[in-house]
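Undergrad: Knowing the structure of chain A, use the given hints to seat chains B, C and D on it.
Residue numbers (the numbering used here), protein chains in the order written: chain A, 1 to 406; chain B, 1001 to 1102; chain C, 2001 to 2655; chain D, 3001 to 3167.
Worth double-checking, as some hints may not be accurate.
Derived SDA-like pairs: lysine to any residue, alpha-carbon spacing no greater than 25 Å straight-line [said to hold, decoys possible]: (1) K151(A) with M376(A); (2) K381(A) with L3157(D); (3) K151(A) with N3078(D).
Now the in silico label distances, taken between C-beta atoms and shown as ranges [stated by the list, open to error]: (4) L363(A) with D3132(D): 40 to 48 Å; (5) Y2631(C) with I39(A): 54 to 62 Å; (6) L398(A) with D3132(D): 17 to 25 Å; (7) R3164(D) with M2073(C): 53 to 61 Å; (8) S3134(D) with R285(A): 35 to 43 Å; (9) V3161(D) with W2072(C): 50 to 58 Å; (10) V3161(D) with A389(A): 22 to 30 Å; (11) G3158(D) with A389(A): 20 to 28 Å; (12) Q195(A) with V3161(D): 34 to 42 Å; (13) D3132(D) with R285(A): 57 to 65 Å; (14) G3158(D) with I2605(C): 43 to 51 Å; (15) Q2624(C) with L398(A): 27 to 35 Å.
I should point out that these hints are in silico values taken from the structure, not numbers from a laboratory.
These numbers were taken from a predicted model, which means no experiment stands behind them.
From the three backbone atoms N, C-alpha and C, an ideal C-beta is built for every residue, glycine too.
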Amino acid sequence: MEFISQHSVLVASIIKIAVLLLIVMTALAYLSWAERKIIAHIQSRWGPYYVGTHGLLQPLADGLKFLFKEDLTPPGADRLAYMLAPFLAFSFAVTAIALIPFGPPSVRFPFLSDQQAFSVADVGIGLLVVFAITSLGVYGVVLAGWSSNSKYPLLGGLRSSAQMVSYEVSLTMSVVGVVLLAGTLNFNEIILSQQGHWFHFLPRWHVFPQIVGFLCYLIAAIAETNRVPFDLPEGETELVGGFHTEYSSFKFAMFFMAEYGNMITVSCLATILFFGGWLSPFPDRWTWQLYLPGALLVLLGFYCAYDTVTAMRGIARIQLAVVTLLCLGVGILCLLPPVAAVIQGPFWIVTKILLFLFFYIWLRGTLPRFRYDQLMSFGWKLLLPVSLANLLVTAGWLVWGWVGQG
Amino acid sequence: MSIIPVSYYLVLSAVLFGLGVIAFVFKRNIITVFMSIELMLNAVNLAFVAFARAHNQLDGLVFVFFVIVVAAAEAAVGLALVIMIAQNRQSLSVERMNHLKF
Amino acid sequence: MPILDHLWVILVLPLAGAAINGLLGKRWPQSRVNLVAVGSVTLAFLAVAELVREFWQLPSEQIPFVGNYFTWMVAGPFRVDFTLQVDQLTVVMLLTVAFVGMLIHIYSTGYMAHEGGYYRFFSYLNLFMFFMLTLVMAANLVVMFVGWEGVGLCSYLLIGFWFLKKSAADAGKKAFITTRIGDFGFTVGVLLVFATFQSIDFGTIFQALAANSVSEATLTIICILLFAGAVGKSAQLPLYVWLPDAMEGPTPVSALIHAATMVTAGVYMVARMNPLFSRAPIAMLLVAVVGAVTAFYAATIGLVQTDIKKVLAYSTVSQLGYMFLACGVGSYSAGIFHLMTHAFFKGLLFLAAGSVIHAMGGEQNMMKMGGLAKKTPITFWTMLIATLAIAGIPGFAGFFSKDKILEVTHAGSSGNLVLWFLGVAGAGLTSFYMFRLVFLTFFGEPRYDEHHIHVHESPKNMTIPLVILAVGSIFGGWFAAPHLVGGPDYFDGFLKPVFSSYAPPSMSEAAEAGIAPSPASELLHALTGWPVIVAVVGLLVAWWFYIKNPEAPKRLATSLHGLYTLLLNKYYVDELYRAVIIRPLLWISTNVLWHGVDEGLIDGIVNGSARVARAAGGRLRELQSGNTRSYATWVLIGVVGFTVLLLALFVTGVH
Amino acid sequence: MSVPFVLFFVCGALAVTGAVLVIAAREPIHSALALVLVMVALAVLYLLLGAPFIAAVQIIVYAGAIMVLFVFVIMLLNAGVEERTDFSAIAKYIGLPLGFVLIFWAAHWLWRSQAAAAIGTSASIPAASSHDLSVELFRQYLFPFEATSILILIAILGALVLARKEQ
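Bound-form chain A, shown alone (with noise of 0.2 Å):
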């Protein structure tokens, strides 16, 4: 115990990491299990659907696969920068999001002395840190395309390497408007300075006064994380798989679960930075909404129950039970008030960063693929010049404009 209360600090970071692992590894399974699913109902297929019901258990036989694959080493690779390359880009995937806040810093452990329960590490230049570790996930495309010892990994490498670093410029100039209009590179207080709302009912986000930089930001960050439509480094049809071609099993798995990670770090970005992070879209007076993820919660579970007595049969049934009485309790118990009032924050920031995963992988169900110098030439011509002039819109309005008293 006193040494608990001596190493707070570590002992509450360890249960947070801990924690925030477990979470995001499922998010990221359940993810890819999303993403098949939504691009298959967009193409009017029923995607996964035996493994489980709805398939439910289908990343857990994917992974299952994976481990139990060959993992084989193309010959005249060189294996220091083969075997670095995946963990390298799934370890700075993941990290990044150590520093994500999923909810208000005034919530704290209970015993362990004034410790933030809702983020990891709550560093003052958050963001700067963050850019910081998603500039190193290049050198994982980089090393393994050019580890593989292979003709098409190669180009991919190069591709994305290029693709990421240029997009990456865009994607900080893009960031830099709301941080001046934010004044601070910390998350939570960016998240603060966009409380309150405009005529009592529009949030005070800074999507919309940065709706420019925004648009950029969302460019940027698609590309960023090499998805549709600017999946070039492994765009199947022209180089068969970019630069994991010569991977297989975990380390294919671990690439997999690093775009996923990126696609989750650039959303909770996207939502902290222009969407007020953990905040409420609605006025505090709507003392409603407190119930709201318990209630939305509880018909979900409404939802799973008739589906079960309706749809099920057999084993697929008592899953399905489950998971209705899981969603109930949840929800019954998310009913009570001071849970309630404990995960606003989280309710709030997982369904935002839950909307834009959604956006991606309707983009990936939408949008063809860009030519590469379309790429380049849109990501330095058009892009880059357009969030430098928001950014410089921007500081000329703080400095001689209407200055907001947000």
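TA: Leaving out everything else, chains B, C and D in the frame of chain A:
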């Protein structure tokens, strides 16, 4: 919480710098020679930051900032040059680039 | 007083003309070049005329009128302002220079019409006018020196105008170098003046003189030095040799520079510095002797020359001798008087000669002429007038001036019979060779091939100046006419202030005595005086030789062969100079300065340093291995050395 | 042993190891990775020295941009194993000893110089906030800042001109 004497940092910086120098003198590949320059710059930066901390002034940090900027510019131009060289004569070895003499 | 307050205008006009023609004239039509050149000089002349009008109204206490325009240079006590001054002497000179200059400009437009480098010629001519006017208007020695050297430069440029012709180029160089010798003396004189008087302003100098503070020896030295300059510029013995050669230049140049204006600069300078000279009797005597001897000497050479311009050149030399003689005996006004009349008739003579040459298609040898009187009447008559004038036939300009000179030489204070005799003899010779020239040229049978050379009278723009100058040659001397009949000498009276204001008392009343108004017997004496007699004698002898029996000269030449060749070769002076001065100089320059100093010493140093650098480079370039890393190593070594030093210092400093 | 000490020694060791690896590695790309390691270690040290902003910049610019550029070029030129020729006598007989002499003398002197040891980097001094840094940068050092911007512009142009294909 005890303190770390600034001299530790300086020693580290000196060691890194020396290693950078040695790298510069020994390495064959022009790119790695470049890298050793960056290494030296980093060592210098460390010394700057350490001193800035020791005297509790910000100027050192500002210098580091400038050093980084210059390093970036230098890398851009230098690597462009490297590419040119590599295209003109199919070699990256510094020893092959001894044509600029009497 | 528009001009008096802006004296510089008179200078700027020709300078502008020179600049415009020199810079833009190359592609201009001759008409426009004429407009600029003649126009500028004419304007200058008008300005001078206006200046004279204003000068007349100037109260005498304001004379000399000095205009200070800007400070040119200041070095410690040595201070030079660009100052111009106007007094009677200046006025006379200005009128003469501007008037003759204008006429000769006009004349040149005809004479040079068919020559290349038209714009260049007129640019030089204008430039010469500028410098000459500077020279005569200068109010201090340095500005005067500027004009002095400037006219020398222009003379050089114009003598060598046809610089493709070797003889012309050489003549130019000869003139330049020869006058340099004199100018050296002049420069030293100027410096000595400053050293003595702490100033180079005429006014200051003269006032200081009036205080009688300076020893006569110093003055003598100064005057001799200055006179050396005059000797060079005015082609007196022994530096006259350049003037005959200067005839290589275009005839208008000979007329303007080498007869009318530039060569008289020496006389003007001596006259300008009269207070100094008046206080240095020895220098005065020197001047007088040099003048008289030159007058006679040059005349003797003139006897046998066959080149029409050469004859005129030597006569110029001898006439200048007369002027110096006048100055030497203390009658500066007489010298200036003769200067003015001489400007008229000698200018006229040259222009007429030029017209003759023009008519003969470039022929200058009188032996190949003859009988031109009918073909070129205007030229003939004008030239005859000029000849009468220079010969000193009563009634013509030359008579008055030359007669005055001889008179003062004879009767003047420092008068001297020897000098007088030389002068008279010279006069006789002058009359002889001038009429010889006229007879050979215009009388007798044509001695040229009439089928090839079509003699024709010159165009208007050449003949009109001739006529004008002829008028000048007749009446130019009549200022002094009343004097002969016992009246005052207006010219002398006009110039008196200049020459008497600062003159030592002894001199001034002596000058009074010299020109004391005398009874009518004076007139008779003057008319029947020796000058007239010798002049007439010379005329008759010339007539007897060249009209009566033309083979007489040859017989004389054969009988007096030695003397004849001596004269023909101008006393071998050129050869003498070549042997005594030029060859040793060349030898020294070649063997000592060139091969010795230049090649041996200077080149040795230069090449040696180069060789040393080369050798060192050869050693050092071994370091330049081209290997980047070795360079880096050198840098590293340097850094290490520096750091070691630094640490050592610190360690010692800390502990 | 407190946390900062541990961190310092760990990161210092990492940095030195990285530097040595930079020399030792035969693959240019390994050298690059080693260098990245050095930089990250240094970034941590900067954090330890209370300069988080510099640390972040170090990572973003150095590790994230410059070194990526290096790696990129290495890949582009496909720089293979560098041949180990016998390096020049100068380097062997002068460079090596002098380098070590430099290192160790400097180290030794720094170690025992009270001048340096006197001022310690105590944690009591608050971390240099990016706000103060920016104030410093944009007030006192505004001109150098602008100058560097010009420098970068020139560098961009130069790189473009150099890398452009001759048409």
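Undergrad: All hints are to be evaluated individually against the structure, with a verdict given for each.
TA: Right, here's what the structure says about each hint:
1. K151(A) with M376(A): holds, 21 Å
2. K381(A) with L3157(D): OK: K381(A) and L3157(D) at ~15 Å, within 25 Å.
3. K151(A) with N3078(D): Cα-Cα ~11 Å, so holds.
4. L363(A) with D3132(D): 40 to 48 Å: holds, 42 Å
5. Y2631(C) with I39(A): 54 to 62 Å: holds, 60 Å
6. L398(A) with D3132(D): 17 to 25 Å: holds, 20 Å
7. R3164(D) with M2073(C): 53 to 61 Å: holds, 60 Å
8. S3134(D) with R285(A): 35 to 43 Å: Once the Cβ atoms are compared, 38 Å apart, the range 35 to 43 Å for R285(A) and S3134(D) holds.
9. V3161(D) with W2072(C): 50 to 58 Å: Given a distance of about 55 Å, which is inside 50 to 58 Å, the answer is holds.
10. V3161(D) with A389(A): 22 to 30 Å: holds, 26 Å
11. G3158(D) with A389(A): 20 to 28 Å: holds, 25 Å
12. Q195(A) with V3161(D): 34 to 42 Å: violated, 50 Å
13. D3132(D) with R285(A): 57 to 65 Å: violated, 40 Å
14. G3158(D) with I2605(C): 43 to 51 Å: holds, 45 Å
15. Q2624(C) with L398(A): 27 to 35 Å: violated, 57 Å
The structure does not agree with the numbered hints 12, 13 and 15 stated previously, though it agrees with the rest.
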